[in-house]
Every structure is written in structure tokens, then in C-alpha cells.
Amino acid sequence: MIKIKTTDRYNITALKSFMTNILSLLAALVMISIIFLIAGVNPIYAITEIFSGSFGSLYGFKETLTKAIPLILIGTGLTLAFRAKFWNIGAEGQMLMGAIFATWTGLTFGEALPSYIIVPLIFLAGFIGGAVWGIIPAILKIKYSINEVISTLMLNYICAEFLTMLIVGPWKGKTRFGFPGTNNLPDSAILGLIPGSRIHYATLILALICAIVLCVIIYKTRFGYEARVVGENPDAGRYAGINFLKTGLILMVISGGLAGFAGVGEVAGIHHYLGYPASISSGYGFTAIIVAWLAKLNPLYTVISGIFFAGILVGGDAIQISLGLPAATVQIVNGTLLIFLIMGDYFLNHKITLRFSNK
Amino acid sequence: MEDIIILTLHRAMVAGTPLLLATTGEVICERSGILNLGVEGVMAMGAVVAFIVTMTTGHPWLGVLAAIATGMIFSIIHAFASVTLQANQVVSGLALTMLGLGFSGMLGKPYVGKPLSIKMEDWVIPWLSDIPWLGKILFTQGPFFYLAIFLALISWFFLERTRLGIQIRSTGENPKAAETQGVNVSRLRYLSVLIGGGFSALAGAHLSISYSKSWIEGMTAGRGWIAIALTIFALWNPGRAIWAAFLFGGFFVVQYLLQPLGISPSFLAMLPYIATLLILLLISLKDPRKLNAPAMLAEPYKRGER
Chain A
-5 MIKIKTTDRY
5 NITALKSFMT
15 NILSLLAALV
25 MISIIFLIAG
35 VNPIYAITEI
45 FSGSFGSLYG
55 FKETLTKAIP
65 LILIGTGLTL
75 AFRAKFWNIG
85 AEGQMLMGAI
95 FATWTGLTFG
105 EALPSYIIVP
115 LIFLAGFIGG
125 AVWGIIPAIL
135 KIKYSINEVI
145 STLMLNYICA
155 EFLTMLIVGP
165 WKGKTRFGFP
175 GTNNLPDSAI
185 LGLIPGSRIH
195 YATLILALIC
205 AIVLCVIIYK
215 TRFGYEARVV
225 GENPDAGRYA
235 GINFLKTGLI
245 LMVISGGLAG
255 FAGVGEVAGI
265 HHYLGYPASI
275 SSGYGFTAII
285 VAWLAKLNPL
295 YTVISGIFFA
305 GILVGGDAIQ
315 ISLGLPAATV
325 QIVNGTLLIF
335 LIMGDYFLNH
345 KITLRFSNK
Chain B
2 MEDIIILTLH
12 RAMVAGTPLL
22 LATTGEVICE
32 RSGILNLGVE
42 GVMAMGAVVA
52 FIVTMTTGHP
62 WLGVLAAIAT
72 GMIFSIIHAF
82 ASVTLQANQV
92 VSGLALTMLG
102 LGFSGMLGKP
112 YVGKPLSIKM
122 EDWVIPWLSD
132 IPWLGKILFT
142 QGPFFYLAIF
152 LALISWFFLE
162 RTRLGIQIRS
172 TGENPKAAET
182 QGVNVSRLRY
192 LSVLIGGGFS
202 ALAGAHLSIS
212 YSKSWIEGMT
222 AGRGWIAIAL
232 TIFALWNPGR
242 AIWAAFLFGG
252 FFVVQYLLQP
262 LGISPSFLAM
272 LPYIATLLIL
282 LLISLKDPRK
292 LNAPAMLAEP
302 YKRGER
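Just so you know, the protein sequences line up as chains A and B, in that order.
If you count the first sequence from 1, position 108 lands on 102 in the numbering used here, and the numbers rise without skipping.
Adding 1 to a residue's 1-based position in the second sequence gives its number in the numbering used here.
These are computed hints drawn from the structure, not numbers from a lab.
Computed from a predicted structure; not experimentally measured.
Just so you know, not all the hints are guaranteed correct.
Claimed, not checked - Only pairs whose alpha carbons sit at most 27 Å apart, straight line, appear in this in silico DSSO-like list of lysine-lysine:
{"no.": "1", "chain 1": "A", "residue 1": "Lys10", "chain 2": "A", "residue 2": "Lys214"}
{"no.": "2", "chain 1": "A", "residue 1": "Lys(-1)", "chain 2": "B", "residue 2": "Lys303"}
{"no.": "3", "chain 1": "A", "residue 1": "Lys290", "chain 2": "A", "residue 2": "Lys10"}
{"no.": "4", "chain 1": "B", "residue 1": "Lys287", "chain 2": "A", "residue 2": "Lys(-1)"}
{"no.": "5", "chain 1": "A", "residue 1": "Lys345", "chain 2": "A", "residue 2": "Lys10"}
{"no.": "6", "chain 1": "B", "residue 1": "Lys303", "chain 2": "A", "residue 2": "Lys10"}
{"no.": "7", "chain 1": "A", "residue 1": "Lys79", "chain 2": "B", "residue 2": "Lys303"}
{"no.": "8", "chain 1": "A", "residue 1": "Lys345", "chain 2": "A", "residue 2": "Lys(-1)"}
{"no.": "9", "chain 1": "B", "residue 1": "Lys214", "chain 2": "B", "residue 2": "Lys115"}
{"no.": "10", "chain 1": "B", "residue 1": "Lys177", "chain 2": "A", "residue 2": "Lys345"}
{"no.": "11", "chain 1": "A", "residue 1": "Lys240", "chain 2": "B", "residue 2": "Lys291"}
{"no.": "12", "chain 1": "B", "residue 1": "Lys291", "chain 2": "B", "residue 2": "Lys177"}
{"no.": "13", "chain 1": "B", "residue 1": "Lys291", "chain 2": "A", "residue 2": "Lys79"}
{"no.": "14", "chain 1": "B", "residue 1": "Lys291", "chain 2": "A", "residue 2": "Lys137"}
{"no.": "15", "chain 1": "B", "residue 1": "Lys287", "chain 2": "A", "residue 2": "Lys240"}
{"no.": "16", "chain 1": "A", "residue 1": "Lys79", "chain 2": "B", "residue 2": "Lys214"}
{"no.": "17", "chain 1": "B", "residue 1": "Lys303", "chain 2": "A", "residue 2": "Lys345"}
{"no.": "18", "chain 1": "A", "residue 1": "Lys137", "chain 2": "B", "residue 2": "Lys287"}
{"no.": "19", "chain 1": "B", "residue 1": "Lys303", "chain 2": "A", "residue 2": "Lys290"}
To be verified - Output of the computed footprint for chain B on chain A, the stretches with three or more beta carbons under 8 Å from beta carbons of chain B:
{"no.": "20", "stretch": "149 to 160"}
{"no.": "21", "stretch": "309 to 321"}
{"no.": "22", "stretch": "334 to 344"}
C-beta atoms are modelled at their ideal positions from N, C-alpha and C, and glycine is treated no differently.
Turn these sequences into a full structure, and let the hints steer you where they fit.
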């Protein structure tokens, strides 16, 4: 008879943690291959296609970096929220609210102001928009004990409908010839691109700075420490006199604000006007949850995991066209990766021994 | 005018039916201490499987059974992650939703836009359907409507009055104590997650083979998430879920009623979500203790700890 015994592991090194992630990803890849096989697609071809589409060519890699920008920004903000066990599922809405605020600022003041004033201004506006949409669930949770998963999700839908209402109604631009969407932002408010790509470098640099700053905040400041205590041991936090409301508000200002930045980048860097929610964000707010999880909630690692998942998005588009797979394929890939990452965590934290006995 | 009111209320019942089914399932699941955020995904799986089986066999009830089975099997992923691996239930549930939306999109691709010719006839209840107003609203409905109410009542009885139901509740409130009473916490949590999955898939089946009689990617349209909110609104009680679900069905239908009055359709589409938040806020303002979830909701249980 075989007996399975599990014991907790305590000495988890960064290397072990990293290797577990790699192994989980490989195991997920095997599973995804099996799924492709069942769907009648050659898995080796499909997976090579995904990664060659995103990392195999200069064009692909440029697209990957473009999509990595919002993922890094949002993922970074989520690492902070998730560390405090604040389950912010609403980054999608916070991002859209950032886009709304930025568009309004750009359209209202952009004409009269030079680039070096209006660009920082629209980023500030986007941050405020995302933060406002992030504070609401924080207040609802801490003051009124309303589950944040529900409130952030509901706010996603509300924001998407609100945006649609604006672009088909009061904000509809004359230059759109009756189609929904605002007018284009004035030239001064439009972000510069790396030539020959769609990479709006200002947002990319901002994303990298945010990752570093968040790392400092989480590991080196009193606030970061308090946020971690709130997540890991709320009772101890209460005894230590941590102000839950204040901590929760600040962390959702940051988490929502960074998602707001991502919204600014999409509007001012890529589209240049506010269009339908689905065109502004292709589910970045949700993908960023896996980005944060793969990064083991470390803001610096979100840079790597953000680029990786951006690659899957770009490669996913590529196989949709070349293999005729539905758009949902990316969801299967993402879901499978996430499940295997969770399983990997178990093996990282538990030692499993098999005992053979002759019973 | 009378016709419009009757029609609106009738439609509200239809729109509330999948919400009630999914909410009842989630109530049972959460009462055992497991938060399942995969409802939306499982619902999509149920919808696509029910549609495909009904279309190929011509028997809608076969489609329903296939959907329930799929939902239960599919939910094992979440049960395994959250019970056996003691993983984070929020993340695992989100993964389940992604997988469900993904697989349903892949399976259903050849069926997009194909109408279902098989119609589930309304059940006209003799005598009762003759009652003015109520007869047309409540007693001339599709079979799913009666099934949803019946299952919600059964679930209420099951949780409140049967031994197994009380054991399930005890695993959600105090798994340690339950275990000392000889209850197998893991097994009951698995069971509850699977029942919840079956309910979610049944809700999906209603959407594809009765409500819209077609399949399209993303047709669940956030109903799974609303069911999770309704679980709180119903205060984890399947009996309360009945009127909660039909109230929300009303929020869905009122959109179409108010649209001709020139109110922005986007604003009306916001209503169910705003209502969800406002109602939760109202409950919290009136009596915050009522929002108390099962004590050990979303907390992994580890045998023999402390």
C-alpha cells in the first residue's frame, strides 16, 4: 500500500520559488498541448506559433511590449492590493475610468497647452480617475463590510456602461461622422511612439518606475509593512493599532491609480480617442491578475510576467488568424496557466512523501 | 396597459430564473465554506453543452442532464484546488471562470448563430392559470421556472432541516468542531462545490435552450457574477434567494420597458449592477451583522491543525 504524507516546508528560497514557477508553466504547457490535440490542432505547431508570433519577430516583439505596458502597470498595482488580501477584481473599470478622466482633460485643456504640461496633466487625471473608482470598493468594504470582489466587479460593469453612455451621447465627436467615440485628442496630448512601433515609451518608462517604486513601498516603508500585516494577520494589525480604513484607502488609491495610468496609455498612446470599452481594454484588468500571481506578488517581477502574458495575448491573436481558433482560446491558455501556478504553490509549500508499506 | 404590466412581470420571472438557479447553487457551496467565483464560467459550459446535446439529439431534457453532469465534473477543478490543495479560492475561482468561458467558446464555435428549432412548451397549470393577472405571470411559464423554485425550496429544506444539510453548514461555520463530531469536512466541501456547479450549469442550460434558443460566446453576460452578489443579498438563504432573483430579473426587464421613453440604454443597463451595490449597502446600514458570511468562508481547512 502506498501512503501519501504531506508536511509543511519552511525554508523556501527565491530560487526554489522561481523553479517551481518554471515547472508549473511547463506542466501547464503540456496540459494546453493535450487540449489543443483534442481540439484537433497540432499542439507543437500551435504553441510555436504563439511564441514565434509574439517573441519570434521584431514586429511581434514590439506588439508584445505594447500590450505589456498596461499589464505591468495594472499587475504592479494589484500586487499591493493582493498582499493586503484586498481582492481588487475591478482593475478593468479603474482603467476605463482613468481613460475617461484623461480624455476629458485632454479634450478640454489640450488645445491651449504645450505637450510638456498637458501630458503630465492627463496622466494625473487618469490616476485620479482610477483612484476614485478604486476608493469606492475600499470604503464599501471597510466601512460597510461589503465584499470587495462583488463591488469591484459591479463597478466594472457600471464604468463600461457609463463610458458607452458618454461616447454615444454627450461626448460623441463631430469628426466621427455619427459613429460612437469622442473627437481625437489634440496633438499636444498624444504620446510619442518609438519609431516603427506602437510602443508609447512615456507609459512604458512610467510602468517600470512604478514597479520599482511599488517594490520600495511594499518592502521598505511603514505603509507597505502595514498593508502586509493587514493581509497576513489582521488581528495582530488591530492590536498594533493599524488604521484599516487609512491603509485600505491608500492602497486602493495606488492600485486603482496605476490602472488609471494604463487607461491613459491606451487612449493617448494608441487610440487617440475614447471608443467602446472593449476596444480600450481587451480584458487587461483580468489578465493582470494572473500577471500579479505569476510574479508571486512582487512588483518587480510583474515586468517579466507582464511581458510573458502580453506575449500570449499577441500570440493568441496570431493563432486565431492562422489556425482559425476562437478568441476564447487565450482564456483557456490563461486559465490553465493559473490553475497550474496554484498547484505549483502547493508543492512549493508542502513536502510530499510516498511511503510504501506491506499491508 | 394591463397587458404591458403582465408581460413585464412575466418576463421578469423568466429573466430571474437562471439567477435563482445559480444563486441557489452558490448558497449551498458557500454554506460549506467554499467561495466559488467560477459560476460565470460553469454557466457558460452548461449553456454550450445543453445547446449542443439538445441540437444533436433533439431532446432538451437530455441536454439539461448533460449540462448538469458537465457542470459538476468541471467544478472538480475548483474543489480540488480549494479543498485538497488549500489554494486561494478567489484565484482558483477566477481560473475556473476563464477556463469555462474559454472552453465554451471553443466547443460552441461551430454552433454560433444556429437557431434551435426545438421548443420547450410552457407549462400551463390547470385552474391556477385562470387566476387574473397572477395566472399569466406565475402559472404560464416554462418548465425551468417551476424547476428553479422547486429546487430552491428543496435546497432550503435540505440546508435547514436535514442532517446532511446541517453538517454542510457546520463545515462552513466551524470545520474543526464538525470534524470532531465525525464529519468528513473535505468530502462535504467537495460535494457542495459539485452541487453548486450542477446548479450553475443548469442556469446556463436555461439560457441557451429556453431563454434565447441559440448559442453565442459570452451569452452569460455577467449573470454568474450577479448570482454571487445575490448570494450575499439572499443572506445565504435559498428561500430568500427566490424573491431576490426575481427582483433582479425585474431590473433586467425594466431596461427594455424604459428604453422607448428615451432614457439612455447604457444607463438602463447599469441598473442591475447599481441596484446590487445599493441593496448590499442598505442591508449593511440597517443591520451590518446580517452580512455575516459563513464564518469560515474562503478559509482553507487543514486537518489536525492546532
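Q. Are at least 3 residues of the stretch 149 to 160 of chain A within less than 8 Å of chain B when you compare beta carbons?
A. Result for this restraint: holds, n = 7.
**Q.** Restraint status (C-alpha distance of B:Lys177 to A:Lys345 at most 27 Å)
**A.** Holds, at about 23 Å.
(Q) With the threshold set at 27 Å, check whether the alpha-carbon distance from B:Lys214 to B:Lys115 stays at or below it. (A) Status holds; Cα separation ~9 Å.
Q) Within 27 Å, alpha carbon to alpha carbon, are B:Lys291 and B:Lys177? A) holds (24 Å)
Q. Regarding the pair B:Lys303 and A:Lys10, is the alpha-carbon distance no greater than 27 Å?
A. Between B:Lys303 and A:Lys10 the Cα gap is close to 24 Å, so the pair holds against 27 Å.
Q. Does the structure keep A:Lys345 and A:Lys(-1) at a Cα separation of 27 Å or less?
A. holds (8 Å)
Q. Are A:Lys79 and B:Lys214 close enough, with their CA atoms no more than 27 Å apart?
A. Given that 27 Å is the threshold and the Cα spacing comes to 41 Å, the pair is violated.
Q | Agreement of B:Lys287 and A:Lys240 with the hint, judged by alpha carbon distance not exceeding 27 Å | A | Holds. B:Lys287 to A:Lys240 sits at ~24 Å (cutoff 27 Å).
Q: For the pair we were handed, B:Lys303 and A:Lys345, check the Cα-Cα distance against 27 Å.
A: holds (15 Å)
Q. Residue count check for the stretch 334 to 344 of chain A against chain B: does it reach three with CB-CB under 8 Å?
A. holds (count 4)
Q: Assess, step by step, whether the Cα of A:Lys290 is no farther than 27 Å from the Cα of A:Lys10, and give holds or violated.
A: holds (12 Å)
Q: Decide if the proposed pair is consistent with the structure: B:Lys291 and A:Lys79, CA atoms, cutoff 27 Å inclusive.
A: Answer holds: B:Lys291 to A:Lys79 is near 22 Å, not above 27 Å.
Hints 4, 16, counting from the list given before, are not met by this structure.
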